[in-house]
Amino acid sequence: MNDALLEVDELRVAFAHHGGAVEAVRGASFRLGRGEILGLVGETGSGKTLTGLALLRLVPPPGRVTARRLVFDGLELLSLAPAALRATRGARISMIFQDPATSLNPVFTVGAQLDAVLAAHTRLGRRERCVRAVERLAEVGLPDPERILRLYPHQLSGGMQQRVMIALALAGDPELLVADEPTTALDVTIQAQILDLLRRLRAERGLSIILISHHLGVVSQTCDRVALMYAGSIVEEGPVSRVLGAPSHPYTRSLLGSIVTGQRRKQPLAVLPGFGPAPGSLPPGCAFAPRCPVAIERCRIETPRLVAVNGRSVACWLAETDASNGSAQ
Amino acid sequence: MTEPVLRVTGLVKEYRSGRGAPVRAVAGVDLTVVRASTLAVVGESGCGKTTLARCVIGAVAPTAGRIEFAGRDLVGLRGAALRAVRARFGFVQQNPTAALDPMLRVREIVAEPLRTHSPLRGRALEMRIRELIDLVSLRPEVLEQRPPELSGGQAQRVAIARAIALGPELIVLDEPTSALDLSVQAQILNLLLDLQRRLSLTYVLISHDLDVVEHLGDEVAVMYLGRIVERADAGAMRTEARHPYTVALFSATPSVRADTHLERIVLRGDVPSPARIPTGCPFRSRCWLWERLGRPAVCAEREPDLNEGGNGHLVACHFADRVASGVALSPAPDPEPRPPAQ
Chain E
1 MNDALLEVDE
11 LRVAFAHHGG
21 AVEAVRGASF
31 RLGRGEILGL
41 VGETGSGKTL
51 TGLALLRLVP
61 PPGRVTARRL
71 VFDGLELLSL
81 APAALRATRG
91 ARISMIFQDP
101 ATSLNPVFTV
111 GAQLDAVLAA
121 HTRLGRRERC
131 VRAVERLAEV
141 GLPDPERILR
151 LYPHQLSGGM
161 QQRVMIALAL
171 AGDPELLVAD
181 EPTTALDVTI
191 QAQILDLLRR
201 LRAERGLSII
211 LISHHLGVVS
221 QTCDRVALMY
231 AGSIVEEGPV
241 SRVLGAPSHP
251 YTRSLLGSIV
261 TGQRRKQPLA
271 VLPGFGPAPG
281 SLPPGCAFAP
291 RCPVAIERCR
301 IETPRLVAVN
311 GRSVACWLAE
321 TDASNGSAQ
Chain H
1 MTEPVLRVTG
11 LVKEYRSGRG
21 APVRAVAGVD
31 LTVVRASTLA
41 VVGESGCGKT
51 TLARCVIGAV
61 APTAGRIEFA
71 GRDLVGLRGA
81 ALRAVRARFG
91 FVQQNPTAAL
101 DPMLRVREIV
111 AEPLRTHSPL
121 RGRALEMRIR
131 ELIDLVSLRP
141 EVLEQRPPEL
151 SGGQAQRVAI
161 ARAIALGPEL
171 IVLDEPTSAL
181 DLSVQAQILN
191 LLLDLQRRLS
201 LTYVLISHDL
211 DVVEHLGDEV
221 AVMYLGRIVE
231 RADAGAMRTE
241 ARHPYTVALF
251 SATPSVRADT
261 HLERIVLRGD
271 VPSPARIPTG
281 CPFRSRCWLW
291 ERLGRPAVCA
301 EREPDLNEGG
311 NGHLVACHFA
321 DRVASGVALS
331 PAPDPEPRPP
341 AQ
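Here the protein sequences come in this chain order: E and H. For the first sequence, the numbering used here assigns the number 1 to the initial residue and increments by one for each residue that follows. For the second sequence, the numbering used here assigns the number 1 to the initial residue and increments by one for each residue that follows.
FYI, nobody ran anything at the bench for these hints, they're computed from the structure. No experiment lies behind these values; they were computed from the predicted model shown. Quick reminder that beta carbons are idealized off the backbone N, C-alpha and C, glycines included. Wrong hints could be hidden among the right ones.
[To be verified] Partial chain H-side listing against chain E, Cβ under 8 Å, derived:
1. Glu44
2. Gln94
3. Asn95
4. Leu182
5. Ala186
6. Leu189
7. Leu193
8. Leu195
9. Gly235
10. Pro254
11. Ser255
12. Arg257
[Said to hold, decoys possible] Covered by chain E, according to a simulated footprint, are these stretches of chain H (three or more residues, beta-carbon under 8 Å):
13. 96–109
14. 125–136
Can you build the whole structure from these sequences, using the hints too?
Here is the structure:
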């Protein structure tokens, strides 16, 4: 309890739509321990990016963020005054995005961008900021940092740009880094370098990381815990080895079944039929029920809540029943 | 041995940039593709795989080399002769919504190649369109829709329907699933396998994703800086890779599989610019094996040829015999220990 850095309870993100409201995140709840890496996994439209943005109060208007609790190190994030928000966002909580090329400003040098962040979040003087900037670039594994300070983003490769983004995110010595698909735009050998870097930052700084990804392999190799999102809710959450090793929720099972593993070459993969529901046109009961291979009558009427089963949390009526029958797989 | 549909010999594509030496995007590639099989070409950005594909479909004129397709050299073909040959190719691109004209209805998109290259008109044309839409498991209702109204998976199915419309002898698939969600990717891979079986299609698959390459491919060619560095049976690639780059690619591919017996190898640095390729072996600047072997001089002096490396692989490495079962033989330990993987 005490070592939780972040507690998210019933997080909702809603958008006004044709006089009503459409919820894109529908009551997501999870906790993040200090020094922990949590993978937030889901397909397009599952609400994983909005969840990340909500933690930094960056959901664009007219999006409306509510939560029963959204507590970061004792601070209620949703009621922070503007000054306190500025002291938190970008300093204690920072975020990096999928495409570093569009996140960096093309008309300023790396040095100018790092300096701006350091000036905003530290009390360092000009010369100290320069020293700190060089340190940060070296910390993220960029060779010859003094030279890189003078370069513009377009003079860097994609992998180097993402390292610069991480250096910017580290400028204010954050405790929490939200990394939204940080390696999706990168080649696989560069992806391995960036994932290694994130793990090293956790080990060296005790940095807590939320890694938003659609790639189960990336999450499996990088994260301690994983939360799977479907239609704006978390359907299964727990230690990576348990959740991906022995999934309880039918959605987790389907996703794992549709992964190409090279073991059954040229054989058809298990396929999840249909599409994820559009926000605003959700079925009653469990949102996954229409695509679920094992749904029962109750699933179409009542919405299951996350409950602790087999060392993880699952929102599924059947997983609950399985567990109480002692026959959970 | 079945007849090859496509035979590429000594293919070179150079681009001039400014005053400097020309950049070799493809630097001497030999390939054959057997009927009803899949040749998968895998590599990272800038390795030349897409340029290779564009040469094959005649979208780009190679600087040197031969591309024999159905017994005739495509290089130098122009005008009507080139158009006639192109009708025998299909092409599926990475981003389906960008590959389809947003103003056209799906019916017109699928009809276009048929109107241009086949005698089908009127009812016969409509029947063929419906047959194609059915082959890619779409409902006839989509015929009235336009690409922006389609999901990514639906749009890729339409692109595949268009690619197979003329019964092509070869289909080039350029990252066909990279832009799609996981569950949709599985659907499209299943569709491609199903169509290959039913219609005896021949694929050249271009991808950066080793898992997809291994799943769909019969033969795999690994490219690095415009060269093929290893060619092998897709089923044997993971366990019997002999080129240090292939080993590193497999090692870097994150997997939920627990095959952690593979040694974790993280390459340092970026792929060098094709304008500044290292002397000798082009992979040398990132090669972990070269480091472990104490930087042997031969790697800096001579570019290795693509030779028989045992067990049917073709490998371009002077020290391929020092790599076995995906792990380097002695002298072992990694000079730079890494934090243990989770």
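When the structure is checked against the list of hints, which entries are broken? Sort them ascending. 2, 3, 8, 13 and 14
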